[in-house]
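Position chains B and C against the provided structure of chain A, taking the given hints into account.
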Amino acid sequence: MTEPAGTTYTLGDLVARFGGELVGDPTLEIRQVATLERATRGDIAFLANPKYRSQLKATRASAVILEASARADTELPRIVCDHAYLYFARVSTLLNPVLPAMPGVHASAVVDPSARIAESASIGALSCIGRNVTIGPRTRIDEGCAIGDGVRIGADARLYPGVVVYHDCVLGDRVILHSGAVVGADGFGLANDGGRWLKIPQIGRAILGNDVEVGANTTIDRGAMDDTVIEEGVKLDNQIQVAHNVRIGAHTAVAGCVGIAGSTRIGKHCTIGGAAMIIGHLDIADHVNISVATLITKSIDQPGTYTSAMPFAEHRAWLKQAVQLRHLDQWAHRIEQLEKRINELERNQP
Amino acid sequence: MTEPAGTTYTLGDLVARFGGELVGDPTLEIRQVATLERATRGDIAFLANPKYRSQLKATRASAVILEASARADTELPRIVCDHAYLYFARVSTLLNPVLPAMPGVHASAVVDPSARIAESASIGALSCIGRNVTIGPRTRIDEGCAIGDGVRIGADARLYPGVVVYHDCVLGDRVILHSGAVVGADGFGLANDGGRWLKIPQIGRAILGNDVEVGANTTIDRGAMDDTVIEEGVKLDNQIQVAHNVRIGAHTAVAGCVGIAGSTRIGKHCTIGGAAMIIGHLDIADHVNISVATLITKSIDQPGTYTSAMPFAEHRAWLKQAVQLRHLDQWAHRIEQLEKRINELERNQP
Amino acid sequence: MTEPAGTTYTLGDLVARFGGELVGDPTLEIRQVATLERATRGDIAFLANPKYRSQLKATRASAVILEASARADTELPRIVCDHAYLYFARVSTLLNPVLPAMPGVHASAVVDPSARIAESASIGALSCIGRNVTIGPRTRIDEGCAIGDGVRIGADARLYPGVVVYHDCVLGDRVILHSGAVVGADGFGLANDGGRWLKIPQIGRAILGNDVEVGANTTIDRGAMDDTVIEEGVKLDNQIQVAHNVRIGAHTAVAGCVGIAGSTRIGKHCTIGGAAMIIGHLDIADHVNISVATLITKSIDQPGTYTSAMPFAEHRAWLKQAVQLRHLDQWAHRIEQLEKRINELERNQP
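Residue numbers (my numbering), protein chains in the order written: chain A, 2 to 351; chain B, 2 to 351; chain C, 2 to 351.
Chain A on its own, in the form it takes in the complex (with noise of 0.2 angstroms):
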């Protein structure tokens, strides 16, 4: 977890640490970042979306984090830089340091003899350690985690607690999984016997790669028979659901709500909005961005970006709107009725 901040820097130390320039008293100490809104002494705040210059005025700041567009619209303390919010992360990662926890399994853990756990790793209480798993050095695993046979995880790893691995799973360093996530349940994999289903044995895995975080309540399933690949570098946000043979190329994040269907490839350095649904068994190329709610329906070649999404109006206007749509193809069919009359009347005009 996230511990309060204890240390502080002085500017000088930040702007030596990750450049730009500063304007103003380079011994000021600095506590923690916040918003300009909500900023207090020992505290520097950054502007990044022009929406917020008015706040610059207004603020109780001791130093703002600027680009050198708004170098000149505050008096305050200041360091000036290309990318504000890039650097206010760099300064928060600084001051919001992740503690490590105490070494050691809990008494309370169930853990199989077979497991191999480095001495520097953490095992919360009441968490469960199948046979022959191993857990790397500094990886710290919460209260209430269930991890099954067989999984291999990194170092640096967090896993908070009631998270659950299914058995065979390989999750890389510094992966983060926030609580109620589930990695490598069997997919939905079902063959009609006769109007009955017959579920088939997903024999795969789900292989996490490193620096891979996985937002609350997400689920990636294990693959069918391949595994299921979420490469290095990939953010997942919340409530998302990844399917079975699923790979996301590295750096590509995913907003929450998203649904990816079974055996789809993403890209590298893409972006996916907010309850973006993707069906199943499409590729999509690197840097593609996909829109909030869109369904993505076939595959993507080409970078760029992709919509699909309806927009809002008032329930009344909205009313008229959608009984049109209904008749969208009687109207096709009567504009080109217009236009044979209207080539009819030209021809025959004296």
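Every clue listed holds true.
Identical chains share a label here; the pair holds if one copy fits it or two copies do between them.
Okay, derived cross-link-like pairs now, SDA-like style, lysine to any residue, Cα gap no bigger than 20 angstroms in a straight line:
id : residue 1 : residue 2
1  : K52       : D227
2  : K341      : Q331
3  : K321      : Q331
4  : K321      : A333
Hints listed in this document are in silico derivations from the structure and should not be mistaken for laboratory results.
Using the frame of chain A, we list chains B and C on its own:
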């Protein structure tokens, strides 16, 4: 948990408590509520939706709650009132009281010695309570919950099995969290650092007011810097995602599968239909109703009902319609051309 | 859990069990199933989708399952059958048997003395079993599950780690519940009481028939007064929400991220695509197929396929289309006007 009702009440008791006009024997005993269709002897049913009026004739209920418009539609003993559904809700609450749990901490729970737990509170088997947690009187934490360091929970709250609350979050009095709910996980805060994602520490909290109910497997993220706030009386159904820094106003109800993206503020007394999706950084006024499966992409400053759902159709009809959707822009052009040409023809008319 | 296969079978064994025509050596030994692409020596692959026919030439599988139309497309030993996917499913089930768990109750489980647990059943570490629970023969409850008072579970069921079943619910034989599934939480029953929400006790149960499978993090609410019923053979994928009083007919399959609102009844042998949303109080006939991401707002009384999904487009194309959607009503008017004017012109033609 709601236990089977034991105590019975007479119709006279009910009218004495909740008002309404009694038509029939005040000494008639009522044991339970039921639907008109399934009620048997000892049950009181209700008619709130005129659609079910036909069931009134056939019901085997001992008595019925209804409104004045339906008073003559049955010979059964009946309570005539203004809002039959609300009256029924009160009667059901009376007949199905929530029974208190046995106070005390189960021997298998893992409780940090610094936690302050009211004597009348109940901590279930195999739950974990972190450092400096405060738990109020009569609050009940069920089996297998994990409560992070510094969490404060009010009086008369109920956490069902398997709930996780991350460190430093605050839950008010009478809060109900259903199984699988996760409160206070990290928000999806990332800065792009040359193609890789840098995680931004999430140092705010999640704050739930009094009388908030949270459905099964719903997730409410902690704030990035400020807090995520769910005001008093808000009701969240299952499978909902509430992102970081969201504020939901008092007495708003949100149906299942909804997603609310970061920093959006929703007013008081709103209703949000199932699977609606609201993007980030918006302001939604009080008394706004958002329809099922609607995508909200702009702030709304007027009360009213807002909709974006696409009407469904038989698949072949839909295919025709979907094709036309792609040509809307051409059509607009063709209609304009037709108008110009007809203007010309009319001008040239003899 | 599905364990690595150990036993091998000859092609002759397979055909003797499952029928089909064998072309090739009946003594050839098969160890495992695999995709055409990844198969190696000892594997049997299958061709069910003509799209993958090109992989047939290159596969390193020892044998292939295929249909008559593809019998001449390979020289490999092969089983020719009517439904290659179903045949493959049977072979995979044979090669990947579900191994029985060690019977007995783990020492760390917390089991109420009134629970009746079959001797051949297995209760995993750190699970809680409530009062008067009944658990049938060979049923396996994994680590960290919570089974509420009065729950009845049949024979040969499997509950993966972290499943919660609320009090008094009923699970049939061979039911499978994946991790994070929550069965029997309160439905979203609220009455508006002058702007505040009054919770309505949820006194029904959730009943799951034989052979029901429930995916990870899926939620099935208990009934408000009557029961929520999932009939035999229903398969639910991950992240699904089934609200109170829903009934899902036998052998219906529901893909991930679907929401089904309260009191809706769905027929038998239906399929519901991922992220579809079905509003409350509807009746859906047997043999209905609902497409991915479709919103169903009215009852459906005819078998068939129903769709409402909005086609996606490159973002700039979509913007043009979305603007026009708002003007559909004006357009209808303009087309009508054009028709009137052209009628007039035609009438006046010399």
